[in-house]
Every structure is written in structure tokens, then in C-alpha cells.
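Student: Sequence:
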Amino acid sequence: MTRRLAAALTFIGILLLAGCGNDYGVDQNGQPIASQRLDKQWVVLNYWAEWCAPCRTEIPEFNALAEQLKGRNVGVFGVNFDQVQGEELKSASDKMGIRFSVLAQDPAEFFDIPRSEGLPVTYIIDQQGKVREQLLGEQTAAAVMAKLEALQALK
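Each residue of the sequence shown is one higher than the last, beginning at 1 in this note's numbering.
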């Protein structure tokens, strides 16, 4: 009896600890964003909007960057500046041709990111969740990769 109780308590403890990561909500497809996808890894976080012409130009660059970074300890994520949700977010992401994950919930509070008044804006965040770089204006995959590699080399 004591062994069963101890095993049950251990199992419950493991389940509770497994859920201790930040809650990043869901992506544009309604799929949960596991904390492992953003915690303890580098993150490239791009804010965009449908009405932003430079955003439309740089989205293919971020699609390419996300592909290039697959299998590495770096995630590429988007956030809709206008904070649209649900079907509206999915529709906007589809119209923009976004193939990387778009967070329905803005993670700015987790990373202590102030609201930017200009778009596009991209943040590079290190494994400790610290914003290491703010990139204003339209970006290319090559430029973001170069900045990311330079920052990682400093660690």
C-alpha cells in the first residue's frame, strides 16, 4: 500500500513539474505551443501585420529562415501586431503565406518586450529568455542568420 501511494505521488509530481513551462497558447492553426519550443532555446520573433507592405516582403525570408534553422536550437515565430485571434489569425497568416508558427498570444510579457510602434520588428531572444537584439524594418534571412550567429558566438 505504501509503495503504491509513493508511486502515485511521484507520478503526480512528475505531471505537475512537466507543466511548469510558460504557457504560450496556440498557433494560427489552433495547435498548442509547447513551452519547449520557446524556452531554453534561441528565438527569432517577428511582429507583422497584413497592412504592412515591408512585412509582406519579408515573410518569404522568414519562411526560408525557419527552414534553414530546422533541427537547430532556434525557433522562428511570428506575432500578429493587431492581435487577431482564431479564424481571423489563420486567414491572415494564410494570406501572408506564413509557413512558420504564429503565436495567437503575444509572448511580450514573458520576454519583457515593449510594444513597438513601428513594423516590421524582429527580436532575437537567447536561451535564457533575454532579448539580445531588436531589428527594425524589413529583414532578410541572411541578415537575421548573420546577426543570430554573431550573438551565439558571444556566448
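Think of the hints as simulated: they come from the structure by calculation, not from any bench.
Hints are supplied without guarantee of correctness; some may be wrong.
Keeping only pairs whose Cα atoms sit at most 20 Å apart, straight-line, the calculated DMTMM-like set for lysine to aspartate or glutamate is [unchecked claim]:
1) K40 - D112
2) K90 - D112
3) K95 - E61
4) K95 - E133
5) K147 - E50
6) K147 - D126
7) K40 - D94
8) K95 - D126
9) K40 - E149
10) K40 - E138
11) K40 - E61
Simulated restraints on C-beta separations [unchecked claim]:
12) P114 - Q85: 27 to 37 Å
13) Q152 - S91: 31 to 41 Å
14) Q152 - E87: 32 to 42 Å
15) A34 - K130: 17 to 27 Å
16) Q152 - A108: 19 to 29 Å
17) N29 - Q127: 24 to 34 Å
18) E149 - R37: 18 to 28 Å
19) K95 - A143: 34 to 44 Å
20) E133 - R37: 16 to 26 Å
21) E88 - A153: 11 to 21 Å
Backbone N, C-alpha and C define an ideal beta-carbon position, used for all residues, glycine too.
Student: Would you list, in rising numerical order, the hints stated earlier that this structure does not obey?
Tutor: Hint check: 2, 4, 5, 7, 8, 10, 11, 12, 19, 21 fail, others pass.
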